[in-house]
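Undergrad: Take a look at the letters that make up each chain.
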Amino acid sequence: MKVLYFAWLRDRVGVAEEIVEPPIEVTTVGELIAWLAQRSARHGEAFADPAIVRCAINQNYAKADESFSRTDEIAFFPPVTGG
Amino acid sequence: MIKVQREDFDVGAELAALSAGRGEVGAVASFIGLVRDVAGPGELSAMTLEHYPGMTEKQLGELEAEALARWPLDRVLIIHRHGRLLPGDRIVLCAATSSHREAAFEACAFLMDWLKTKAPFWKLEEVGGQSSWVAAKDTDEAAAAKWTKNE
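Order-wise, the sequence lines are chains U and Z. For reference, each letter of the first sequence is one residue, going 0 to 82 in numbering that gives the first Met the number 0. For reference, each letter of the second sequence is one residue, going 0 to 150 in numbering that gives the first Met the number 0.
No lab work stands behind these hints: they were computed from the structure. Watch out, some of these pointers could steer you wrong.
[To be verified] So the derived label-pair ranges between C-beta atoms look like this:
1) U:11 - Z:136: 15 to 25 Å
2) Z:33 - U:33: 26 to 36 Å
3) U:66 - Z:22: 42 to 52 Å
4) U:57 - Z:86: 19 to 29 Å
5) Z:19 - U:19: 29 to 39 Å
6) Z:15 - U:40: 52 to 62 Å
7) Z:138 - U:29: 42 to 52 Å
8) U:78 - Z:148: 16 to 26 Å
9) U:59 - Z:47: 40 to 50 Å
10) U:66 - Z:33: 35 to 45 Å
11) U:44 - Z:40: 50 to 60 Å
[As the list claims (entries may be wrong)] Derived DSBU-like pairs (lysine-lysine); straight-line CA-CA distance at most 30 Å:
12) Z:136 - Z:117
13) Z:148 - Z:57
14) Z:136 - U:62
15) Z:2 - Z:136
16) Z:145 - Z:57
17) Z:57 - Z:136
18) U:1 - Z:145
19) Z:2 - Z:57
20) Z:117 - Z:2
21) U:62 - Z:145
22) Z:117 - U:1
23) Z:117 - Z:148
24) Z:57 - Z:117
25) Z:2 - Z:148
26) Z:148 - U:62
27) Z:2 - U:1
28) U:62 - Z:117
29) Z:145 - Z:2
30) Z:148 - Z:136
31) U:1 - Z:148
32) U:62 - Z:2
Even glycine gets a Cβ: it sits at the ideal position worked out from N, Cα and C.
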């Protein structure tokens, strides 16, 4: 499945997007964050404080307890600062 | 109407077009956001706005629909730029038109407050050759929260 990163999350992870295959028991946003965080030292740094990471499933905001499917577009990014 | 673009925009032309031929419109309220010079005199600074193409348009479209549902408006316009901008450059234009001023003023303030916390844009500031991501402000969250309906 495809995961997108923006702003400082992208800088820390080192890529704008990647294809990942989390195990079947990873079904919620919070579980995906925990799984991604242990993929590498860079991922660990990016997801060090999950409370300040925002997630979108198919371009809609999603909370940590929301479930996703393997075909969804998942994005992680910092709190927004536009306007 | 939502526009997400790299180019600058002509405020006068955009606002004129918004109310042109709309005889029932008696009020146009607008807000323009500019890049502030955070470096101070003599220092070069710039700001790069990154966004999430697709989600940006979707979120701004939902904002527009929410404003049109909450107030008796004729039209809503949001133009938001992305890319590298310099101090004084326009970042955003937000406008609402209505028969009377109250709805137009309120809707314009609402649109900016929600845009600040929902539209997926991120500011990267450059000051003296150093780049840093701008942190979100609690005051923006508080400003957005005051428009949340009590249900």
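Undergrad: Indicate, hint by hint, whether the structure satisfies it.
TA: How the hints compare with the structure:
no.	hint	in the structure
1	U:11 - Z:136: 15 to 25 Å	21 Å, holds
2	Z:33 - U:33: 26 to 36 Å	41 Å, violated
3	U:66 - Z:22: 42 to 52 Å	50 Å, holds
4	U:57 - Z:86: 19 to 29 Å	37 Å, violated
5	Z:19 - U:19: 29 to 39 Å	50 Å, violated
6	Z:15 - U:40: 52 to 62 Å	55 Å, holds
7	Z:138 - U:29: 42 to 52 Å	28 Å, violated
8	U:78 - Z:148: 16 to 26 Å	22 Å, holds
9	U:59 - Z:47: 40 to 50 Å	26 Å, violated
10	U:66 - Z:33: 35 to 45 Å	42 Å, holds
11	U:44 - Z:40: 50 to 60 Å	36 Å, violated
12	Z:136 - Z:117	13 Å, holds
13	Z:148 - Z:57	21 Å, holds
14	Z:136 - U:62	20 Å, holds
15	Z:2 - Z:136	25 Å, holds
16	Z:145 - Z:57	22 Å, holds
17	Z:57 - Z:136	23 Å, holds
18	U:1 - Z:145	36 Å, violated
19	Z:2 - Z:57	11 Å, holds
20	Z:117 - Z:2	16 Å, holds
21	U:62 - Z:145	21 Å, holds
22	Z:117 - U:1	22 Å, holds
23	Z:117 - Z:148	16 Å, holds
24	Z:57 - Z:117	10 Å, holds
25	Z:2 - Z:148	27 Å, holds
26	Z:148 - U:62	20 Å, holds
27	Z:2 - U:1	27 Å, holds
28	U:62 - Z:117	14 Å, holds
29	Z:145 - Z:2	26 Å, holds
30	Z:148 - Z:136	22 Å, holds
31	U:1 - Z:148	35 Å, violated
32	U:62 - Z:2	28 Å, holds
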